[in-house]
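Enquirer: With the hints as extra help, turn the sequences into a complete structure.
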Amino acid sequence: MENIAHSKLNSGWIEVISGCMFSGKTEELIRRLRRAQIAKQNVIIFKPIIDNRYSNNNIVSHSEQSLSSTVVETADEIFSLSQNSQIVGIDEGQFFKGDLVSVCIKLADLGKRIIVTGLDQDYRGVPFEPIPQLLAVAEYITKTLAICVVCGNPASRTQRTSNSKERIVVGAKDLYEARCRSCHTVAQN
1 MENIAHSKLN
11 SGWIEVISGC
21 MFSGKTEELI
31 RRLRRAQIAK
41 QNVIIFKPII
51 DNRYSNNNIV
61 SHSEQSLSST
71 VVETADEIFS
81 LSQNSQIVGI
91 DEGQFFKGDL
101 VSVCIKLADL
111 GKRIIVTGLD
121 QDYRGVPFEP
131 IPQLLAVAEY
141 ITKTLAICVV
151 CGNPASRTQR
161 TSNSKERIVV
171 GAKDLYEARC
181 RSCHTVAQN
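Under the numbering used here, think of the first position of the sequence shown as 1, with each following residue one higher.
Think of the hints as simulated: they come from the structure by calculation, not from any bench.
The reader is advised that the hints may include incorrect statements.
Here are the computed distance ranges between Cβ atoms for each label pair [to be verified]:
1) R124 x K97: 11 to 21 Å
2) D76 x I168: 16 to 26 Å
3) S162 x S11: 14 to 24 Å
4) T185 x N58: 26 to 36 Å
5) R35 x V186: 32 to 42 Å
6) E166 x G98: 12 to 22 Å
7) K106 x G152: 41 to 51 Å
8) S164 x E64: 19 to 29 Å
These numbers were taken from a predicted model, which means no experiment stands behind them.
Think of the CB as a built atom: it goes at the ideal place given N, C-alpha and C, for glycine as much as any other residue.
Expert: Structure below.
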């Protein structure tokens, strides 16, 4: 996406990197943001306060790549803290409420490049808001796939390995696996 040319000088846009867990979403976000930093663009990076799996202050991929970030509770904080930035990176967008969509739209309308990662489906295979709504308004979408740990096929689903029925349970390999459509199962109540 780095070489995208726009005709309007201050035209902003939204990029969404979505997929299941272990598919490289954060790794791709870090790659894009590092390139922007090399280009000496003003970059700010956010992560939700709920995501403290690998670090309290950095976005961290499962492959242990990391970048310093600002921890926020709400999407409104992202808006107020992004005013002096050209590029806004947001990791784990599914942990923000629906106002993430309006915040991203407002920031893009101000001429900023917004890059958001997030799970497009929850552990049941159900669309995980607000990512589906963000996909609808994004100019650029990258769908990442992992490898199914059962059969080795491309994986687009996140399998929860615990018995929790809560929609949001923060975890990594301790609680989740990447699965393909055929190998993904959801326990019945």
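Enquirer: Against each hint, give a clear statement of whether it holds in the structure.
Expert: Against the structure, the hints:
1. R124 x K97: 11 to 21 Å: Cβ of R124 to Cβ of K97: about 19 Å, so the range 11 to 21 Å holds.
2. D76 x I168: 16 to 26 Å: 20 Å, holds
3. S162 x S11: 14 to 24 Å: Roughly 44 Å apart at Cβ, these two residues miss the hinted range, so it is violated.
4. T185 x N58: 26 to 36 Å: Because 33 Å falls inside the window, the suggested range holds.
5. R35 x V186: 32 to 42 Å: Once the Cβ atoms are compared, 38 Å apart, the range 32 to 42 Å for V186 and R35 holds.
6. E166 x G98: 12 to 22 Å: 19 Å, holds
7. K106 x G152: 41 to 51 Å: 43 Å, holds
8. S164 x E64: 19 to 29 Å: 26 Å, holds
Violated hint: 3 only; the structure is consistent with all others.
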